[in-house]
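4 protein chains.
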Amino acid sequence: MIITETIHLAASYSATRNKTVSLCGPLREEDTVVQPIVDVSPPKWHLGHSTWFFENFILSRFKKDYKHFNKSWNYIFNSYYESQGERILRTNRGNLTRPSFSEIITYRKYVDEQMQELLVDEAIALKIQNWVILGLQHEMQHQELLVTDIKYILGNNPLFPIYKEQDIEFGAMPNTTGEDFLEIGEGVYEIGFKGDAFHYDNETGYHKAFLHAYRIMDRLITNAEFLKFIEAGGYEQYQFWLSEGWEWVKKHRVKAPLYWFKMDGCWHNYTLSGFQKVDLSAPVTHVSFFEADAFARWKEMRLPTEFEWETACKLFSPEIPQNANLLETEKYSPIPRTKNDFQFYGEVWEWTNSSYLPYPYYKQDKGALGEYNGKFMINQMVLKGGSCATPYPQIRASYRNFFQTDKQWQFSGIRLAQYL
Amino acid sequence: MIITETIHLAASYSATRNKTVSLCGPLREEDTVVQPIVDVSPPKWHLGHSTWFFENFILSRFKKDYKHFNKSWNYIFNSYYESQGERILRTNRGNLTRPSFSEIITYRKYVDEQMQELLVDEAIALKIQNWVILGLQHEMQHQELLVTDIKYILGNNPLFPIYKEQDIEFGAMPNTTGEDFLEIGEGVYEIGFKGDAFHYDNETGYHKAFLHAYRIMDRLITNAEFLKFIEAGGYEQYQFWLSEGWEWVKKHRVKAPLYWFKMDGCWHNYTLSGFQKVDLSAPVTHVSFFEADAFARWKEMRLPTEFEWETACKLFSPEIPQNANLLETEKYSPIPRTKNDFQFYGEVWEWTNSSYLPYPYYKQDKGALGEYNGKFMINQMVLKGGSCATPYPQIRASYRNFFQTDKQWQFSGIRLAQYL
Amino acid sequence: MIITETIHLAASYSATRNKTVSLCGPLREEDTVVQPIVDVSPPKWHLGHSTWFFENFILSRFKKDYKHFNKSWNYIFNSYYESQGERILRTNRGNLTRPSFSEIITYRKYVDEQMQELLVDEAIALKIQNWVILGLQHEMQHQELLVTDIKYILGNNPLFPIYKEQDIEFGAMPNTTGEDFLEIGEGVYEIGFKGDAFHYDNETGYHKAFLHAYRIMDRLITNAEFLKFIEAGGYEQYQFWLSEGWEWVKKHRVKAPLYWFKMDGCWHNYTLSGFQKVDLSAPVTHVSFFEADAFARWKEMRLPTEFEWETACKLFSPEIPQNANLLETEKYSPIPRTKNDFQFYGEVWEWTNSSYLPYPYYKQDKGALGEYNGKFMINQMVLKGGSCATPYPQIRASYRNFFQTDKQWQFSGIRLAQYL
Amino acid sequence: MIITETIHLAASYSATRNKTVSLCGPLREEDTVVQPIVDVSPPKWHLGHSTWFFENFILSRFKKDYKHFNKSWNYIFNSYYESQGERILRTNRGNLTRPSFSEIITYRKYVDEQMQELLVDEAIALKIQNWVILGLQHEMQHQELLVTDIKYILGNNPLFPIYKEQDIEFGAMPNTTGEDFLEIGEGVYEIGFKGDAFHYDNETGYHKAFLHAYRIMDRLITNAEFLKFIEAGGYEQYQFWLSEGWEWVKKHRVKAPLYWFKMDGCWHNYTLSGFQKVDLSAPVTHVSFFEADAFARWKEMRLPTEFEWETACKLFSPEIPQNANLLETEKYSPIPRTKNDFQFYGEVWEWTNSSYLPYPYYKQDKGALGEYNGKFMINQMVLKGGSCATPYPQIRASYRNFFQTDKQWQFSGIRLAQYL
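Protein chains in written order, with the numbering used here: chain A, 86 to 505; chain B, 86 to 505; chain C, 86 to 505; chain D, 86 to 505.
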C-alpha cells in the first residue's frame, strides 16, 4: 500500500483511534472491566491493548527518547505475543480493575499525541507507514471485537441494558421467501489477495484452486428459516449433527442461537438495541459452526467452502473499494444494497466448511508479526464476508476470519451451497 | 436486646450504613465489579445485597404501600436464601456490570430514607427493632468482607494499588520473644452466649463442656516465627501436613501465606497500605487452616479447640462491651491493649481445631433466617476472636466464625495450645 | 495385647490371610482389575497391598537375608505411606493390569510361607507380635473394603452379576413399627478405648466428655421409613439439606440411596445376591452423611454425636468379646441378637454428627504408622458400629470409622437422637 | 466389490476373525479389561464389539429365527451408533468387568458358527456379501486398534511387560543420511478411490484437485532426526508451535514422543518387544500432529497436504494389490521394500496438513452406516499410509485415517514437503 500524502495517514490515525473510544461511549466504567467468558475481553483491555500496539511496535522503536507511559503496563496489555515478554493469563484479564478506564483514556491520549508528532515528519511517516496501517487495521479488528464483547457483557446481564436505541444490527433481508441460487461452473479459479492494498498475511499466496460445479444461495438464511429447524426438533436429533457438535448440544443444553430466549411461548432475542421479539426476516446470527452445519444437513445441503464463497463473491458481488486512506472507518455497515447486486458482505460472518489452514506459499513472518495469524491455523473454521460490526476496511472477498466450531458470540450466520 | 430509645436505633442505622459506603471511598468504580475467586464478592454487590436485606425483610413487610426500588434486582442481590426466590449463580456475580455502582448508591439512599421514615415511628420501631439490629449486624459482617475482598482484588493486581496510606492492618505484637502460656485446669466449663444482647443463632445453646487441663499461648504467632517454619522447609515436608492439606500444597504450589512474594531474596507482602517488606513482629495472617495446623505440628503443639479458646478468653481477657446502640461501629480495631491484659480479640481470626457443628439444643429457624448459619455447619472449621477488619459489635468470646480449611483470604492467624 | 502362645498367632495369621483370598472366590480375574471410582480399589490391589504390608514392615526388617519377591512391586502396592517411597497415583490403580491376579496369589503364598517361618520361632514371634497383629487388623480392614468395592464393581455393571446367592447382607429389623428410644441422663462420661487388647491410635486417649441428657433410637432406620422421605419429596426440598449437601444432590441428581433403581414404578436395589425389590424391613444403607442428615431434619430429629452413640452402646449393648486369637475372623455378622439386647453393632455403619478429630492427648506415631489415621483427621465424619461386611475383631464401641460426607459406597445407615 | 466364489468369503471370514483373537494371545485376562485413556478401548471390548457388528447388522436381519446370544449385551458393545440404541458412556468401558474375556470368546464362537451357516448358502452369501466385507474391514480396523491399545496398556504399566519378543514394529529406514525429495509439477490431479474394490465412504467422490508444484521426501523422518529437534530445545521454543500446540506442550509437560523415557542420560522407549534404547535409524513414531508440525517448522519445511501425499504415492509407490479375498489379512507389514521403490505404506501413519473434511459429492449414508465416517469430519487431521499395525487390506493410496491433533497413541510419524 502506497501513501503519497502524510496528511492522510495522520487523519486516518485520528479517525480510527477516535472511533474506538466512541464505541465505548454508551458504557459505564463498570461495563469495561469484566470478562464473562474466555473469548470476550474487557472493553478497557481492548482500549489499552490497541494503544500498547502503537507504543510497543512503533513509538518505542522509532521515536527518539520515547518515554513509556508506564512500563509495568506491558505485562497487562500484551495479548498473545510470546515474543513481547510475559503476559497475564488470558482468563485473568477480567479481574484487573486497574489501570482504570480513565487512566487508559489518558494513556490513549498520551500515545496519540506522541504518534501525531511522529506522523508530521514526512520522512519518518514514510518509514513507519506500514506499521501504522497495520496498527490501524489491528485497531479496527478490536473495534469489531469491542462491539461483540459489549453485546455479550450486556446481553448476559439479567437487566438486558440497551447499548444504542437505534438498531445498529442488520435489517431485514430482501426476497426471503424463495431459495435462489447462483451457479458456478467447474474450473480452476484464483484465490487470495492480489494487489498492493493492505491485507493480512493469511490472505497472501494468491493461488489456484479447482472447483467442481456448484450453486450457492444469493442471500443468507433468515431467522424464520432457522426457526423451522428449531420447531422441527433439529436440536434433538443426532442425525443432523457432527459427533462433536452433538456432544456440545447435550453438554450445554443448546436449544437456540445465543441470545435467544423463549418467553410466554414466543422467541425473543437480545440485540444491541435491547430485548425484543425475534425479527423473522433478519438473517439468523450467533450460531456456531455446529449449528450452521446441522441446519445445512437438515436442509439436505451443505456449507460452501471458503474457495466457493470467495469465487462466487468475486463473480457476483460489487467490490468494496479499499481506499488508500482509512477515513472511511467511520462508515459502518450496512453497505448500500442495490436491486441488481447480490450481497456477500457486511451482514453476518458466514461459516464455511473450510478449515483455517495456510494458503500455498504462506510464510510466517520471523518477528512478532509472525504470531499474528499463522499460529492459529488449526482446529478453527474460516468465516467470510464481515458483519454489521465489521469496519469497512476489513470487508473484502479475500478476508479470512476464523473461529472454533463452538463459538456463538460473533455475528455469525449461514449461507448454503450444493454441487450441481 | 432491648432498645429503649428509638433515637439510638435510627442513629445506629445511619452510622452503620454510612460506614459501609465510606469503606468504598478509596475505590474506583471498576474495583467494585469483579469477583476474582468464588469466595470474594464484588464490592458493589456487597453494597446492594446489604441494602436488599432491609428492603426484602423489613420494608416490603412492614412499610405500608412500600414501592420496591426495582423488583428485578431481587434476583441479583439475593445471596443464598433459597427461600427468597431464584438467585444468580454465585460465580456469575463478578460479571454483572449493572446495576452500576452509582445506581446502587441511589438504591441505598432510597432504602435508607424509607427506613428512617419507619424508624421515626416508635411503635413500628419497637416492632421491627430485632430485624433492624439483625440487618445492621449483617451489614457489619459485610463491612468485614468488603475489607477482605477489596484486599484480594487490589492485592492480585500486578500494579498493587494502595487502599489507604496509613496502616489499617494490625501493628507489632508485644513480647514476641518468649512463648508464654496461660494454664487452665480440668473441669466442666460453660460455653456459648448468655444474656439478652444481640448474638447469632449459632452461639445460642448455652451449654457445658468438659475440658482436660491445657495451656494456651497468651499471644499470636508472629511473622518471624512463621518465617522459621518456611525456612525449615515446612512446606516441603509431608510429615507436618494433614493428607488433604498436603494435596492442597502440592496442587497450588503453596510456599507462603497469601500475599507473600519473595523479591530479591527477601519476603514482601501486600497490605492494604501497599507492597512492603514483611513486618516480622506482626502476627502472621492469611494462612489457611492447613497451614496453621502444619505449623502447630512442626512446633509439636496443636491448635486449641473452640471451647478451650473461649474458656481462656473469658477467663483472661477484658470483655468488649456490647453497647446497646451500635454507634460504636465507627470505631474499629485495634482494641486498646493494656499491659496487664491478654489479647484475644481484634487482631486476626484464630483457627481452632473444632469443626463448625451445631451446639446442643441448636434449633434452626423455620423461616429465611434459618438459612443464616445452620446450613453451613459441615466441612468448615471455627475461628475465634475477630480481626482488624471486624467491627466492634462482632467481637465477643462466643462469636463463631467459620471457613473451609483451604481459605486464606481472611485475616486468619495462629495461636497454639497443649495439654498439661 | 499379650499373646502367650505362638501357635495362636500363626493360626490367626493363616485364618485371616485365607479369608481374604476366599472373599475373591466368586470373582473372575477381570473383576479384580478395575477402579470405577477413586474410593474403590481393585480387588487384586487389596490382595497385593495387604501382602506388601507384611513384606515391607515385617519381613524386610525382621527376617534375616529376606529376599523380596519383586522389589519393583513396592511402587505399585504402597497405598498412602509417604514415608515408604514413591507410589502410584491413586487414580491409576485401576489401569494396572500387571501384576496379574495369579501372580499376586503367588506373591501371597511366598510371603505367607516366609511369615510362617518367622512365626514358628517363639523369640522372634514375641518381638514382632504387635506388628503381626497390626498387619492382620489391617488385613481385616481390607477384607471389609474388598466386600464394599466388589459390590461397587458388580453393582455398576449393567448385567448386575450376583456375588453370592445366599444373602450376606443384613436381614430384617425387629420392631420397626414404633420408634423406641433409650434415654441417657446428663453427665460426664468416659470415651475411648481402655484395656490392653488391640485398638487403633485414633481410639486412644481415654478421656471424659460432658453429655447433655438425650435419647437415642434403639434400632436403625429402615428402608420403609426412608422410602417415606423419598415419597415426601425429601430430595427436592432444600430445607432439609445442608448447603453443601443440596449442591451435591443437584449436581449428581441424587434421588435415592446408591444401588437403588426405580423399575416399573417400583424401587429395586442391587445387593450382593443380585438385583431385587427393596426389602422394606431391612435397615436403609448406602446413604451419604448428607442424606442421613437430611432425613434426620425431615424427622425433626438429629444424628447422635459419636460420644452419645458410644455411651449408649456401652450402656445398653452386649459387648463383643475381643478374643486374644483372631480365629474368629471367619465368623462374620450378623451378630446373634437376643430378645433382650439392643443392637448397636454389625448391621450398617452409623453416621454420627461428629467430625473426625483427634481425641485429647492423641499423639501421632513418629514412624510410618503415624500416617495410619492422624493425617486424615479433617473434613470427614465419624461412623460407628460396623456393618455386615465388618470382621468381628473390628467391632467394638470405641472403633471410629470415618468418611467424607458424600460417600455412599460403604454400608452406611441412620440412627436418630434428640435432646431430652 | 464382486465376489464370485462363496468359499472365499467364508474363508476370509474365518481368517480375519481368527486373526483378531490371536492378537490377544499374549495377554492375560486382566489386560483385556482396562481403558487407561478415553482413546483406548479395552481389548475384550474390541472382541465383543466387532462380533456385535455381525450379530446386529447381519445375523439379526438376515438369519431366519436368529436367537441373540445375549440381548442385554447390545448396550455394552455398541460403540457410537446413535441409531442402534442406548450405549454405555465411552469413558465407562474400562469399568465393565463382565462379560468376561472367556464369555466373549464364547460369544465370538457362537456368532462365527451362525455366520458360517449363513455363508454356505450361496444365495444369501451373495445378498449379504457387502455387509460381510464391511464387517471384516471393520474387524481389521479394530485389529489395528487392538495393537495400539495393547501397547498403551502395557506401555503405561511400570513393569513394562513384553507383548512379543520378536520386534513386530518397523525396522531401520534406508538411506537416512540425506534428505532426498521427489518432485511433482503443478497441475490438476485426481484424488480419491476409483474402482469397485472395497473402500470407505470417506474415500469416495473421486474428484480433481489443483496442486502447485512441490517436492516431498522419499522416506520418513527418523528417530535420529527427531532427537536433534529435542536436543535443539524444540520443545522449549514457542516459535515452532501452533498456539494450541504450545498450550498442549506446557500443560502436559511434553518433552518427547509418547513412550520415550530418559534414563541415565540416554533416551529409551517402550516397544511391543519391551523397553529398549531408542533405535536411531527407525522412523520416529507416536508423535502428535502438534509435534509433527513443530518439527516441520523447525526444519523450515511443512507437512504435505493429503492431496500432495496421495498424488506422490500414486506416482512413485508400488500399488498394494487389493485382493478379492481377504486371506491376506494374516500377512502384516512391513511390506517388502525393493531397491527401486519408494515407500509410502505400512511403516507409520503420516500426519498431513489437511483437515478431515468431506470430499466433493460426499453423501452420508442415511442408515446406521452413515455414522461410520461423516460425523467425525471436524477438528481432526488426515493421516495417510498405514502403519506396522495396519492390516494389508487397509493399505491403499486413498485410505484416509484421522485423529485429533494431540493424539500420540497411534503409530504416527512424519514426512516433509516444500513448494518448489
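Simulated from the structure, these hints should not be mistaken for lab results. One should not assume that every hint holds.
Remember, identical chains collapse to one label, so a pair may be satisfied in a single copy or spanning two.
[As the list claims (entries may be wrong)] Heads up, simulated DSS-like pairs for lysine-lysine below, C-alpha to C-alpha not over 27 Å straight-line:
1. K212 to K249
2. K347 to K336
3. K249 to K293
4. K313 to K104
5. K384 to K335
6. K279 to K293
7. K451 to K347
8. K194 to K313
9. K104 to K384
10. K313 to K212
11. K194 to K336
12. K448 to K293
13. K335 to K148
14. K335 to K448
15. K104 to K249
Worksheet item: For this structure, which hints from the list above don't hold up?
Response: 1, 3, 4, 7, 8, 9, 10, 11 and 13
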